[in-house]
Every structure is written in structure tokens, then in C-alpha cells.
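Heads up: the protein sequence lines correspond to chains U and C, in order.
With our numbering applied, the first sequence has no gaps in its numbers, which climb one by one up to 360 at the end.
With our numbering applied, the second sequence has no gaps in its numbers, which climb one by one up to 360 at the end.
Keep in mind that the hints were calculated from the coordinates and are not lab data.
Just so you know, not all the hints are guaranteed correct.
One copy or two, it doesn't matter: identical chains are merged, so the pair holds either way.
To be verified - Straight-line distance between alpha carbons at most 25 Å, and here's what the computed SDA-like set of lysine to any residue pairs gives:
| no. | residue 1 | residue 2 |
| --- | --- | --- |
| 1 | Lys125 | Tyr265 |
| 2 | Lys307 | Arg271 |
| 3 | Lys119 | Gly317 |
| 4 | Lys279 | Thr254 |
| 5 | Lys255 | Val286 |
| 6 | Lys116 | Ala193 |
| 7 | Lys337 | Gly213 |
| 8 | Lys125 | Glu207 |
| 9 | Lys255 | Gly317 |
| 10 | Lys337 | Pro287 |
Given the structure is predicted, the values throughout are model-derived calculations rather than measurements.
Protein chains: 2
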Amino acid sequence: MKEIMSTKNPLIKEWKKLHKKKERQQQQRYIIEGFHLVEEAVQAKQKIEALVFNQRGQKEWGPWLQKQPAELLVFVSDDVLHQLSELPTAQGILAIVAMPQVSELPSTHGGWLLLDNVQDPGNVGTMIRTADAAGLAGVILGEGTADIYNTKVLRSMQGSNYHLPIIRYPLVEVMKIFAENKVPVFGTALDDRALPFTQQVSVKSYGLLLGNEGSGVAAELLEKTTANLYIPMKGQAESLNVAIAAGILMYHFELLK
Amino acid sequence: MKEIMSTKNPLIKEWKKLHKKKERQQQQRYIIEGFHLVEEAVQAKQKIEALVFNQRGQKEWGPWLQKQPAELLVFVSDDVLHQLSELPTAQGILAIVAMPQVSELPSTHGGWLLLDNVQDPGNVGTMIRTADAAGLAGVILGEGTADIYNTKVLRSMQGSNYHLPIIRYPLVEVMKIFAENKVPVFGTALDDRALPFTQQVSVKSYGLLLGNEGSGVAAELLEKTTANLYIPMKGQAESLNVAIAAGILMYHFELLK
């Protein structure tokens with residue numbers, strides 16, 4: 104077990120940089136906070152580089168920590184923990200985790216959620232959590248979609264990123280692969296040619312494409328879909344939140360099976 | 104048209120207090136920010152007490168502002184506008200609006216969303232927006248549910264609070280009234296006695312009860328429901344976000360009709 108009591112320690116300085124997306128990309132690692140997420144990462148056999156905790160963390164999760172490899176344990180001062188934490192109230196434990204090296208082309212079996220330029224971290228996290236709950240095969244993040252190693256996304260995913268593959272891949276390429284495999288991709292749009300989603304019959308494998316909070320799915324992608332769907336609105340609201348729309352559609356597709 | 108250039112003006116000091124829930128209750132008024140929401144409030148014939156704008160607001164929405172009653176217009180300095188705004192980038196226009204005086208018992212006709220202790224402002228706002236889109240009759244806020252005049256709730260509702268009645272009422276009383284009118288109330292729960300929601304047949308009028316982000320619907324309410332429903336989870340996620348669950352259930356009930 105290591106002990107680091109100074110916020111000026113070079114390792115702490117290096118880890119603290121992980122609050123920035125650019126640094127996470129460069130270092131290929133990220134921080135998860137709180138016992139629940141740390142436990143999920145360990146259970147999912149992610150490559151943990153360090154388990155960092157303060158006195159409070161040791162008190163609350165001492166027995167669990169003792170069962171982890173000693174070389175991963177890093178006991179720190181409250182100051183150090185707060186430097187590494189992005190939460191208003193740090194929970195006494197966090198982990199430094201290596202990013203998984205996923206770069207293969209996605210399978211096209213089962214249901215896949217495709218996200219085009221979804222920018223709000225809470226939306227992206229909630230959609231991944233819902234995809235997990237609904238039983239989708241995986242989630243593909245297209246250009247402009249929020250980084251999943253952002254603290255807010257990690258928190259709203261509640262560990263679902265360890266339950267199903269989350270792959271960053273250009274959506275134009277993804278749509279070509281789906282087409283080659285004869286797997287339909289359904290876009291979401293509010294234009295005249297879109298169909299109410301309830302008219303779409305059951306399919307075992309599919310892509311479901313959702314887009315940006317303000318502007319929706321890019322026109323160049325919508326042109327290449329098998330069909331575009333919309334969610335009927337009986338009331339006066341002009342639109343649905345994108346995560347809500349995704350939830351309704353994913354459950355519709357999965358429960359139809 | 105009034106002009107207020109000093110942040111020390113007594114009216115500005117009074118309005119600034121509206122950032123706090125307690126003061127909103129006392130003054131029975133609230134602030135809405137941005138042209139979209141202000142326009143929604145005007146269209147919905149809400150009681151506007153003041154339309155507050157700075158130079159930028161005048162430049163962008165001058166023609167619209169000229170059509171409004173002159174006695175409502177308040178031109179302010181940038182400093183004053185920023186004092187009243189809770190957004191990181193103020194949009195140049197906001198309104199002071201009187202709270203509607205709704206205290207009657209709710210009707211039980213149509214679909215009603217009942218919220219028990221839903222605390223996250225974003226969740227409450229999104230649920231009200233979805234209720235509007237899905238075509239529900241109204242939303243009833245029980246004890247502990249976030250104040251809808253909170254800036255975050257107002258923003259995520261996107262004006263839906265002007266499209267359907269939002270009533271604060273004790274849920275125990277609401278459930279008595281629904282029972283007296285022989286209108287079923289469906290709870291949401293993860294216990295053994297709950298049914299998958301897809302088994303629930305169509306009803307014209309109903310209450311749909313959702314609960315706290317952490318602890319769900321209070322046990323004392325769940326005991327009094329017609330039936331309790333759950334959303335099947337095929338994946339490994341332990342739960343759904345409450346706004347997502349509400350969206351799936353509301354669309355299920357409304358599309359069944």
C-alpha cells in the first residue's frame with residue numbers, strides 16, 4: 104500500500120489532469136468516484152490502476168479494500184482526495200481505471216443504439232443506462248457525442264458501461280456495415296416522411312439512431328436509414344427530451360421481440 | 104416603460120430574492136428566463152408582472168416588446184439583468200410572473216401523473232414535458248417533489264406547465280378522490296407483487312404514480328394503489344432513471360387508448 108499525503112505529489116498532479124477530456128485521451132485512463140462505481144469496475148474486471156481512499160473510505164470499506172491487490176491501494180489525505188474528486192461531497196474512495204481498448208467494428212447482432220452528436224452528459228449517460236436495462240446489444244457513439252469518461256456521464260450510467268460495449272465509431276461507416284449485413288437502421292425525425300414508431304414491426308437486429316438535443320440527427324445520416332420514425336405527440340409539447348424518446352423507442356423494439 | 108439601471112433599486116432587490124423557493128412562496132411570483140419561455144407565458148395568458156430586458160434584449164426582440172403593454176416593460180442595465188438571472192449566460196430578457204392560484208381538487212378524467220417525492224429538478228421538468236407530449240390530463244405533485252418554479256425545472260419543462268394543469272396536493276388525499284371516482288391508480292414498484300406494465304390493459308382515466316429517485320414510491324401509497332407495475336429489465340442495469348420509466352409508462356397508457 105502506498106501513502107500520498109501531499110497534493111504536490113507528481114502522481115496526484117498527473118491524475119488531477121484527468122478531469123480534462125484531452126488528458127484522458129492522452130493518458131488513456133479515467134477516474135471513477137464512489138464505492139458503487141468502483142465496485143462495478145472491479146467486478147467487471149476493468150484494468151484498475153489505483154484504488155484511492157482517505158480515512159473515511161478506509162473506515163467504511165476497509166474489509167473490501169483488504170481483499171484487493173495491495174499494490175493498487177493508495178491511502179491519501181483528505182486534501183488529496185478532494186483534489187482528485189469532482190463531486191461536491193467526495194465519497195472517500197475513487198479509482199484510476201485504464202480505458203478499454205475497443206476499436207473493432209461493431210457486431211450487428213441485436214439492438215444497437217447509435218448516438219449522433221448527443222451533447223448533454225446526463226442524456227448520454229441515461230441513454231446508456233436505459234440501453235442496458237432494455238437489453239440492447241451495445242451503444243455506438245458518433246461524432247460530437249459526449250465523452251463517456253466525463254464524471255457526469257459516468258455517474259448517470261451507474262456502471263452500465265461495464266455491462267455492454269460502448270464503441271466510438273464514425274456513424275457513416277457504421278451505417279455502411281449495417282447495410283452490408285442487411286440489418287435495418289431506424290432514424291428519428293419529425294419530417295413528413297417519418298412513420299409513427301408504433302407502425303414498425305418486430306426485428307431481431309436493428310440500429311436505432313438518435314441525434315442532437317437541438318438539431319436532431321444529421322440530414323446526411325437520415326437519408327441513409329431504412330426508415331425514419333417519430334413519436335406521436337398528442338399534447339402541445341413541441342418535442343421530447345432525447346433520452347426519453349430513446350427510452351420509449353428502445354423498449355418498444357425490445358418488448359416487440 | 105420603466106428604466107432601472109442600479110442593482111440597489113428596491114424592486115430589483117425584491118425580485119432577486121425570487122431565486123429562493125421560500126421567497127417565491129411568500130411573494131407568490133417567479134422568474135422565467137429567455138425569450139422562448141417568456142413568449143410561452145404571454146401566449147398562455149399568465150399574469151405577467153414585468154418584462155425585463157437589457158440592450159441586447161431590446162435589439163433582438165424590440166418589435167415583439169413594443170406589442171406588449173407599456174406598463175410591463177422594464178429596461179435594465181446589464182448588471183441588473185445579470186443579478187436577476189440564474190443562467191451562466193443571460194439571454195437579455197426575463198419576466199416576473201405571478202403564480203397561478205390553483206387549489207381546487209383535481210379532476211380525475213384522463214391520465215394523471217402523480218409524483219411522490221421526486222427531488223431532482225431536471226427529472227420533474229422532463230416528466231412534465233413528457234406528460235404534455237404524451238397527452239396526459241395533468242400532473243399532481245406530492246410531498247417532497249421539487250418546486251416547479253425552480254429555474255432548472257422551468258427550463259426542462261420548456262413551457263409545458265402552461266399547457267396542462269400542475270397541481271400540488273397531498274397524494275393520500277388524491278388517492279382517496281381517485282378511489283371515490285372509481286379511477287384506478289397504478290403504482291411503480293420492484294416487489295414480488297408488481298406486474299409487468301405490458302400486462303396492463305387500456306383505461307381511459309388513470310393515475311400513474313412515480314416516486315423518489317433513491318427509494319421509489321412511499322410504501323403507504325403503494326399499499327393503496329389499484330395495482331403496481333414494473334418495467335422488465337433484460338440487461339444488467341439495476342433500475343431505470345425515474346423520468347425514463349415515467350416516459351415509457353405514460354406512452355404505454357396513452358397509446359393503448
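Could you tell me which of the numbered hints above are not met by this structure, giving the numbers in increasing order? As far as the earlier hints go, 3, 4 and 5 are violated by this structure, in ascending order.
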